[in-house]
Amino acid sequence: METIAPLWLWGVFVAFVLVALFVDFVVLKKQGAHAVGVKEALNWSLAWIGVSFLFNGLLWWAIKDTTGSTAMANEKSLEFLTGYLIEKSLAVDNIFVFLLIFTYFAVPPAFQKRVLMIGILGAIVLRTIMILVGAWLLEQFHWILYVFGAFLILTGIKMWWAAGKEESLDDNPALKLLRRVMPVSKQFDGEKFFTVENGKKIATPLLMVIAMVGLTDVIFAVDSIPAIFAITKDPFIVLTSNVFAILGLRAMFFLLQAAASRFHLLNYGLAVILVFIGTKMMLIDVFKIPVAVSLGVVLGILAITMIWSAKTAPNT
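Numbering (UniProt numbering), first residue to last: 1 to 316.
Read the hints as simulated data drawn from the structure, not as lab findings.
Note that the structure is a prediction, hence the values are computed from the model and not measured.
You can take every hint at face value.
If you anchor each label on the Cβ, the simulated ranges turn out as follows: (1) Ala310 <-> Val133: 37 to 47 Å; (2) Trp136 <-> Lys186: 42 to 52 Å; (3) Leu54 <-> Leu299: 16 to 26 Å; (4) Val133 <-> Phe193: 23 to 33 Å; (5) Val133 <-> Ala106: 33 to 43 Å; (6) Ala71 <-> Asp189: 53 to 63 Å; (7) Phe53 <-> Glu197: 40 to 50 Å; (8) Leu21 <-> Asn43: 14 to 24 Å.
Mimicking DSSO-like on lysine-lysine, the simulated pairs with C-alpha atoms at most 27 Å apart in a straight line are: (9) Lys201 <-> Lys186; (10) Lys311 <-> Lys39; (11) Lys233 <-> Lys280; (12) Lys288 <-> Lys158.
Ideal placement from N, C-alpha and C gives every residue a C-beta, glycine not left out.
With the sequences and hints as input, model every part of the structure.
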């Protein structure tokens with residue numbers, strides 16, 4: 001698994017992540033359970049975006065210093081930005097599912113922050129494993145690119161047809177399986193994951209919610225990770241762009257929670273992006289679409305979809 005990133009940059013990336021997790025789990029924990037407002041979510045979203053761009057600038061400088069090539073530094077920086085944008089945009093669909101889960105289980109707003117904090121930690125670990133395995137597979141078996149490409153195209157088509165339809169967890173097979181495996185109490189017990197009921201220790205709905213959030217993230221990672229591999233095969237860029245997008249997921253959730261109805265058409269745009277990225281992957285040995293073009297297409301599709309959504313947003 002070859003990467004152009006110098007070893008010291010891996011260390012900086014790990015330090016960034018550890019500091020971010022420290023802020024989430026130690027500093028913010030002192031705030032206690034509370035509902036996150038739009039202003040707080042907006043400030044944290046801007047902070048995470050700023051940190052991501054700061055790291056991208058550091059990546060550009062490191063590549064320039066290592067290779068002596070400004071063109072290479074520009075290309076890798078664009079790859080990071082495109083991968084970050086793809087993961088960030090697909091995360092919006094992920095957030096809508098989180099909203100569905102929280103609504104279904106009637107999770108109090110004060111408890112939602114902790115669920116997302118733990119979900120982000122699990123997502124970083126699982127996605128790191130998936131990316132490293134994916135990079136190894138691509139290095140060993142080039143034809144897997146075509147499998148990933150076809151999968152993204154089919155996923156995009158499926159997402160287009162499912163867009164606009166009302167979702168429900170009632171028939172969700174993962175939820176049914178979890179309920180068979182874990183006896184669950186009917187009431188929350190603060191932020192506890194287990195409680196005692198009739199003398200027996202059983203799970204609370206909060207543990208069920210975290211399990212559902214984790215399973216959902218794994219399912220979405222199956223879409224987003226191959227999409228970023230279509231932009232670059234460098235595992236460092238795939239991993240860092242993915243993780244930095246995830247680190248801002250909690251703030252992004254609370255920011256979009258208040259405006260979910262205004263993005264009611266976003267799934268159509270995400271479907272088109274997946275089909276485009278899948279097609280790019282399928283054509284990799286025939287015609288390589290430049291990274292700058294890919295970035296422009298993704299930005300253009302998102303802009304058109306969001307403007308379209310805003311103009312046709314239902315009255316609330």
